Amino acid sequence: MAVKTLKETDVQVMPELKSSHEKKRVGILGGTFNPPHLGHLMIAEQVADQLGLNKVFFMPDANPPHVDHKDAIAADQRKAMVELSIAHNPLFELETCELDRGGISYTYDTIKELRLRHPDWEYYFIIGGDMVAYLPKWHRISELVKLVHFVGVGRSGYSRKSRFPILWVDVPLIEISSTNIRWRVRNHCSIKYLVTDNVMDYIREEGLYRE
1 MAVKTLKETD
11 VQVMPELKSS
21 HEKKRVGILG
31 GTFNPPHLGH
41 LMIAEQVADQ
51 LGLNKVFFMP
61 DANPPHVDHK
71 DAIAADQRKA
81 MVELSIAHNP
91 LFELETCELD
101 RGGISYTYDT
111 IKELRLRHPD
121 WEYYFIIGGD
131 MVAYLPKWHR
141 ISELVKLVHF
151 VGVGRSGYSR
161 KSRFPILWVD
171 VPLIEISSTN
181 IRWRVRNHCS
191 IKYLVTDNVM
201 DYIREEGLYR
211 E
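The opening residue of the sequence shown carries number 1 in full-length UniProt numbering; numbering runs sequentially from there.
Because the hints were derived from the structure by calculation, they are not lab data. Among the hints, erroneous ones may be present.
Estimated spans, in silico, between C-beta atoms of each pair [to be verified]:
1) Asp49 / Glu175: 14 to 24 Å
2) Asp130 / Trp183: 14 to 24 Å
3) Arg184 / Gly157: 21 to 31 Å
4) Glu93 / Pro136: 43 to 53 Å
5) Arg115 / Gly207: 32 to 42 Å
6) Ala74 / Glu22: 16 to 26 Å
7) Asp130 / Asn63: 33 to 43 Å
8) Thr179 / Glu205: 19 to 29 Å
9) Trp183 / Asn63: 31 to 41 Å
10) Gly157 / Arg115: 28 to 38 Å
Keep in mind that this is a model prediction, so the values were computed, not measured. By construction, the Cβ of each residue, glycine as well, lies at the ideal position given by its N, Cα and C atoms.
Let the hints inform the model, and build the full structure from the sequences given.
Dropping the structure here:
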């Protein structure tokens, strides 16, 4: 199946995504959110707008199987920061199924659970270009691509080529990372305009990322 690309100038719902009956179209933006930042919000908004999604669920993972060690904080603190980040956008909601399940967060298990819960919903799983390159190593990926639409968001330095079906969405390239935010907090640098004000206040009040 060929890779599909949504151009920056074409922000309408792609014709091939329309179905003969109405289904709720739900995006999923998963991640550690350690912490969530404005880049996450911008990506979710752009994908929802360009693909005509009804909702975007922000889904913190419990223990991701495919990322390097990160400065660990409690799951309930990451959850709280996501809730603060999305509080003022009615398009966004929190999904806690991976936190509730615990253990290693395999996307295959998550999508199976969500489809059982809402069999009439279509799911669009949003990933960055770095994760697109990593897809061949995902748990049960050959089965997973039959259950969910993968939406790729371009990242500098990563190819858009994939042997898996990807819906590509162009978004403004903003180089914000949770790793850099943690470094800034640890080194007493400002993180204003990198995270929402309420998340910035939460990080300060909880004393996160100082060491």
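Taking the hints in turn, this is what the structure says about them:
For Asp49 and Glu175, the hinted distance range of 14 to 24 Å is satisfied, since their beta carbons lie about 21 Å from each other. In this structure, Asp130 and Trp183 meet the distance hint of 14 to 24 Å, their C-beta atoms being roughly 19 Å apart. For Arg184 paired with Gly157, a C-beta distance near 22 Å keeps the hint of 21 to 31 Å intact. A beta carbon spacing of about 30 Å between Glu93 and Pro136 contradicts the range 43 to 53 Å that was offered as a hint.
Checked against the hint of 32 to 42 Å, the pair Arg115 and Gly207 passes, with Cβ atoms roughly 40 Å apart. Distance hint check: the CB atoms of Ala74 and Glu22 are about 40 Å apart, inconsistent with the given range 16 to 26 Å. For Asp130 paired with Asn63, a C-beta distance near 19 Å fails the hint of 33 to 43 Å. The beta-carbon spacing between Thr179 and Glu205, approximately 22 Å, falls within the hinted interval of 19 to 29 Å.
Against the hinted window of 31 to 41 Å, the Cβ-Cβ separation of Trp183 and Asn63 comes to about 23 Å, which falls outside the hint. Evaluation of the 28 to 38 Å hint for Gly157 and Arg115 yields a pass: the beta carbon distance comes to about 33 Å.
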